[in-house]
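Now for the letters of each chain:
Number of protein chains: 2
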Amino acid sequence: MPFSARVRRSPFFERSHAAGAKSYVVYNHMLLPGYFTSHEEDYHHLKSAVQLWDVGCERQVEVSGPDALRLVQMMTPRDVTGLTEGQCYYSPTVDADGGMTNDPVLLRVGPERYWLSLSDSDLLLYCKALAGGLGLDVRVHEPHVAPLGIQGPKADELVRRVWGEDAASIGFFRFCRVDVNGTLMVLARSGFSLQGGYELYFEGLEGGDLIWDQLMDAGRDIDVRAGSPSQIERIEGGLLSYLTDMTQEHTPFEAGLGKFCTMDRETCCLAHAALLRKAEPVRQIRPVEVAGARAPMLVQPWPLRDRRGLPVGWITSCVWSPDFARNVSIAMVDRANWEPGTELVVETPDGPRSALVKSEFWGRT
Amino acid sequence: MPFSARVRRSPFFERSHAAGAKSYVVYNHMLLPGYFTSHEEDYHHLKSAVQLWDVGCERQVEVSGPDALRLVQMMTPRDVTGLTEGQCYYSPTVDADGGMTNDPVLLRVGPERYWLSLSDSDLLLYCKALAGGLGLDVRVHEPHVAPLGIQGPKADELVRRVWGEDAASIGFFRFCRVDVNGTLMVLARSGFSLQGGYELYFEGLEGGDLIWDQLMDAGRDIDVRAGSPSQIERIEGGLLSYLTDMTQEHTPFEAGLGKFCTMDRETCCLAHAALLRKAEPVRQIRPVEVAGARAPMLVQPWPLRDRRGLPVGWITSCVWSPDFARNVSIAMVDRANWEPGTELVVETPDGPRSALVKSEFWGRT
Chain X
1 MPFSARVRRS PFFERSHAAG AKSYVVYNHM LLPGYFTSHE EDYHHLKSAV QLWDVGCERQ
61 VEVSGPDALR LVQMMTPRDV TGLTEGQCYY SPTVDADGGM TNDPVLLRVG PERYWLSLSD
121 SDLLLYCKAL AGGLGLDVRV HEPHVAPLGI QGPKADELVR RVWGEDAASI GFFRFCRVDV
181 NGTLMVLARS GFSLQGGYEL YFEGLEGGDL IWDQLMDAGR DIDVRAGSPS QIERIEGGLL
241 SYLTDMTQEH TPFEAGLGKF CTMDRETCCL AHAALLRKAE PVRQIRPVEV AGARAPMLVQ
301 PWPLRDRRGL PVGWITSCVW SPDFARNVSI AMVDRANWEP GTELVVETPD GPRSALVKSE
361 FWGRT
Chain U
1 MPFSARVRRS PFFERSHAAG AKSYVVYNHM LLPGYFTSHE EDYHHLKSAV QLWDVGCERQ
61 VEVSGPDALR LVQMMTPRDV TGLTEGQCYY SPTVDADGGM TNDPVLLRVG PERYWLSLSD
121 SDLLLYCKAL AGGLGLDVRV HEPHVAPLGI QGPKADELVR RVWGEDAASI GFFRFCRVDV
181 NGTLMVLARS GFSLQGGYEL YFEGLEGGDL IWDQLMDAGR DIDVRAGSPS QIERIEGGLL
241 SYLTDMTQEH TPFEAGLGKF CTMDRETCCL AHAALLRKAE PVRQIRPVEV AGARAPMLVQ
301 PWPLRDRRGL PVGWITSCVW SPDFARNVSI AMVDRANWEP GTELVVETPD GPRSALVKSE
361 FWGRT
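Those sequence lines, one after another, are chains X and U.
With the numbering used here, letter number 60 in the first sequence gets 60, and the count goes up by one each step, no holes.
With the numbering used here, letter number 63 in the second sequence gets 63, and the count goes up by one each step, no holes.
The hints are simulated quantities; they were obtained by calculation from the structure and are not laboratory data.
Any given hint could be a false lead.
To be verified - Partial list, derived from the structure: chain U residues whose beta carbon lies under 7 Å from chain X: (1) 5; (2) 6; (3) 26; (4) 36; (5) 40; (6) 121; (7) 130; (8) 132.
For each residue, glycine too, the CB sits at the ideal point set by N, CA and C.
So here's chain X without its partners, still in its complex pose (with noise of 0.2 Å):
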């Protein structure tokens, strides 16, 4: 727990954490939990029930007035034009050279408003810089809305008991409005992990007990648990985290996101003419088996070499899977070494093990 209050809480902090948050991460200047009976048990409740996440340090970035969608588009090479109030897009942006800055989920909330819901960078800072360098009519600003993870193959259910058929059937990346104790509030059908689910758009900065307290309640013959986004689920589905797979050194193209990147014809993006130099990339995101057992905890990139022992990547994420029972992972591979079946050698703290390129990540049924 850090010794000061630099490291901010989110409105489910307290009935978390009392839920029993063995360890945190720092993201985006805020605590997020660890995990909570053990990552393994986690892991499998979470694939097997419905679990609550404080995921308040998503954070949101508000972009509003008339430049608000002008603004938004020279930061994401998506093309965000056609997105319509209860939408949601997966909008990677990126600096002026296309590297990442974030891989936000945009929400158009208004007919001139949007959150950026953030994964770990301040990009608050680069839209503001925009927004006061070139003199745009909008409004930028980081509003006190905390998401509240759904997540799991029975959160439909809990929705329904909640907020009733028509808020638990809105499709994949829609949102509606939800009644939370007297405040309409946006819940999606999103959430980091592949086993369904929802986020709660809360807002304010009290009430978070309450409305935690509700889920809990109307879910407990179903197992609802607290519980926080696992790594071993995300690895094994290929759900990358910005920071930890691909960074400001890497384009969309690089972390495999080309299909986000509108390049057929001119948007205001900042980016649009550095990517179109590197919409053929030269490394790229590749699922990777580890052999052996259970390999080490990852805490930096473990290098990968080909079999002449040169230098073709990294491994960036890497955990062992007990659904598959092997170890799962995530790398940036160079060009010459990245199709599938291509046998590599990566470094792990504890010595060298053969790596597999694969074609698919693991656990997308």
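Fit chain U to the given chain X structure using the hints.
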């Protein structure tokens, strides 16, 4: 310890960790050691000997090229046109509304080359947005530069032994270049303590252990130890912590940093007009003494109230000072109550206590 590579480590991490770091905080997406023996023993040692601090988390934003000075000046209200090579300026940075975005030390490391040595925010993103959005003729990037703090009253002696009298006699907020195993690197008389000392701006990813060992060997008889910024010492002395004591919600005037704001002539700082309007703050940082025995640990700001019970501000940092035998604190106090001698009430987690506004921080002898 984080369960991912998202949080980075400096070239001094292995040595500092082996020296017994007992906790870590995350700062600029990197690990910063919390304490070694105990917060209080570390504090006494810092005030009597010399410590090496792994403050590699003080990241640099490097701005270079023909428009470098212009870009830097757009971000700070301090007039930096007179900054010469070999000099450092404490330069609060602000957004277009005058809200603080960081409070870096600015170093001019070449004719058209600057380093902004950061506190805890991604100012790199702000800087890149201005450069890219306005098409400035600059390069903006984060170089592999990790500061190593050499802090304490015996820091001069240690630097003299390793780099000679010329290095040891540089003036406050000046820097020279010293030989670090074959490479010239910046050594500045600066650091996040009031005990005197230096910061070595170590360049590269390898070799941090070598210079660490050399400094440790050279200072063995003067009791050099591993350490880290002391919360006790910095609160006593009123050294502000960005995101703890002031945020984007505050102007430099509110943070008591008006003397670093040039308002008498037009600069290209984007916030010039906004800061002119805000030059008379209605709240400002003050030293506040909290009555009674050792106060609980502050992990979220504590509300301050006047005698009628009305809210008048917040204590943002508070700690028991062994040397002054009282609870010293940093607070943001409304104008009607900021005069020294004003008696307030602070709501601590353990209940209300008397709080007294002071005229000076402690330990600035």
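Checked hints:
{"no.": "1", "hint": "5", "in the structure": "5 Å, holds"}
{"no.": "2", "hint": "6", "in the structure": "4 Å, holds"}
{"no.": "3", "hint": "26", "in the structure": "4 Å, holds"}
{"no.": "4", "hint": "36", "in the structure": "14 Å, violated"}
{"no.": "5", "hint": "40", "in the structure": "12 Å, violated"}
{"no.": "6", "hint": "121", "in the structure": "5 Å, holds"}
{"no.": "7", "hint": "130", "in the structure": "5 Å, holds"}
{"no.": "8", "hint": "132", "in the structure": "3 Å, holds"}
Taken one by one, the earlier hints fail for this structure at numbers 4, 5, listed in ascending order.
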